[in-house]
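Participant: Top line first, the protein sequences correspond to chains A and B.
In terms of the numbering used here, the first sequence has 148 at position 148, counting the first letter as 1, and numbering is strictly consecutive.
In terms of the numbering used here, the second sequence has 403 at position 248, counting the first letter as 1, and numbering is strictly consecutive.
What the hints contain is simulated information worked out from the structure, not anything from laboratory work.
Note that the coordinates shown come from a computational prediction; the quantities given were computed from them, not determined experimentally.
One or more hints might be untrue.
To be verified - Simulated crosslink set (DSBU-like; lysine-lysine; CA at most 35 Å straight-line):
#	chain 1	residue 1	chain 2	residue 2
1	A	K80	A	K33
2	B	K359	B	K433
3	A	K133	B	K187
4	A	K133	B	K554
5	B	K406	B	K429
6	B	K187	B	K554
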Amino acid sequence: MNELRELYQEVILDHGRNPRNFRRIEDADGEAKGDNPLCGDRVHVFVKLNGAGGLGDVAFQGRGCAISTASASMMTELLKGRSEAEARRLFDVFHAVCTDEAFDPLDVPEEFGDEADRLQVMAGVRQFPMRVKCATLPWHTFAAALDGKATATTE
Amino acid sequence: MSPDSTPTLRPNYDVLAIRRDFPILAREVFGKPLVYLDTGASAQKPRQVIRAMTQVMEETYSNVHRGVHFLSQACTDQFEAARETVARFINAPEADEIVWTRGATEALNLVAATWGRANVGPGDRIVISTLEHHSNIVPWQLLRDETGAELAVIPVDDAGEVDLDAYAALLDDGRAKLVSVTHVSNSIGTVLPIGQMARMAHEKGALFMVDGCQAAPHMPVDVQELGVDFYCFSGHKTYGPTGIGALWGRKALLDAMPPYQGGGEMIAHVTFEKSTFKAAPHKFEAGTPAIVEAVGLGAALDYIEAVGRDAILAHETDVAEYARERLAAVPGVRIVGHARERGAIVSFTMDRAHPHDIGTIIDRAGVAVRAGHHCAFPVMERFDVGATARASFGLYNMKSEVDRLVEALDEVAEIFGR
Ligand SMILES: Cc1ncc(COP(=O)(O)O)c(C=O)c1O
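Required output: the full structure, derived from the provided sequences and hints.
Facilitator: Okay, structure coming up:
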């Protein structure tokens, strides 16, 4: 039971019920759709750059379980205002939180200290290997949205 | 089975004795006795099947149809006896009309690739239903794309029953060449009126194929009485092993169909100029077949018949209807699919919890259900759900396991709110 409570923490349930930035960005600079063919969950991530080349706005839409919805919601909050490079490093931190038994928030570079603390609530998925994909899907989709934008700007 | 035509349970259906035949049912999951409600995805195996497969490998194993030696003959006899068992199981007129496949998926692909390529052209129509598993959709899409034929879909109503008027309209102009539908929906449990639908197809000159995956393990199946042309099912859903399944086709159809794959087993004579093929079913069985698995499937079908197919149907209907009743009474639970004729499958959603979360939470209580789209995207779309949780029942399930499921859902409500 403890593992379930650890997975379904109040923060996750709250983000799952009331996802933040749950909307389209009509003039997005990058967007991507991700789906988990195993369960049919779909997420659509939108990225809007700010003038400084950072992430001005990140939003998502889609249909998924509490874990993927909460993960997407928290992601959008954490990414706003970040540079692209920071965003990718945060993804690495997040990945470690979800998959690395030995992950220690104290090992995270200072700049991400607060974020790592917040992401730590997702660590519960480690005990549920079948659910790791639910948590990481939004981030993979975000990365695809960035990459899509990258190719678009080279034209 | 509709609730009001529920056969009375035979008092001598000894479910506890049956459960003792399935070693895995004695295990625990997360410290709780396993409640296995995922037989629709794959059924557990009785000792009788495990033993039959072990026996072949320990005592009679050899390649089939090839050797002159003792073992080859012994093994060939067992392998062909299993084919006869399949024929008897679905009341096929002849064992030679049974083609071994890897499962229903391969059987459907086989018919699309052989009969389909030989008989379907531009302007022809293949008819399926909204309720199909992806394996009864995609092979026909491939055929459509290759031949320029049209793929048409029979809609279903809100209860999950096929719309027979719409079906008649799809047959009416005589362009339909083949109708291929599931006997029982794997996602919401609807039992299709196969006999009536096959008659309607034949009246308009179309052939009729049935995906029997979710019917063969659960109810009597008589292909002659149903009046269909092709019928297939998977071994692993029928308490048998993986890697084996069967396709039945009417003899005249099989004889006229080109071969499927080329190789050993299926040829009569080969020169570099030309090969001639064996007669059906062997011309569809290139390569060394799944010998041990075929024998295992034969043992599984024997097991089902020994328990009694009417008795299984009555028992499972009893358990599944109890599940519908109890689940419907759980606040926030919505059952998807209310066909009057339905099999031992109950699909549901909960107001606050996604099926995936339901699946994870009740798993910790030892209850195994399937959560997802059940390889039936169009059904999920029709009922406007991304996914459902699905409890599917087998001959070994008990009402007390339904109680465990409902109890476990309480924990879901505890976490997600009521
Ligand atoms: C109705 C139906 N058709 C086809 C299949 C595919 O069966 P297999 O994967 O054994 O080939 C399934 C299995 O999920 C099914 O339920």
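Participant: Look at each hint and say if it fits the structure.
Facilitator: Do the hints match the structure? See the list:
Among the hinted pairs, A/K80 with A/K33 is consistent with the structure: their alpha-carbon atoms are about 19 Å apart, no more than 35 Å. Proposed proximity of B/K359 and B/K433 is supported: the alpha carbons are some 32 Å apart, at most 35 Å. Restraint check for A/K133 and B/K187: satisfied, since their Cα atoms lie roughly 26 Å apart, inside the 35 Å limit. Annotation: proposed proximity of A/K133 to B/K554 holds, straight-line Cα distance about 34 Å (limit 35 Å).
Pair hint B/K406 plus B/K429 holds up; C-alpha atoms about 25 Å apart against a cutoff of 35 Å. A distance of roughly 17 Å separates the Cα atoms of B/K187 and B/K554; the hinted pair therefore holds under the 35 Å criterion.
Hint violations for this structure: none, all hints satisfied.
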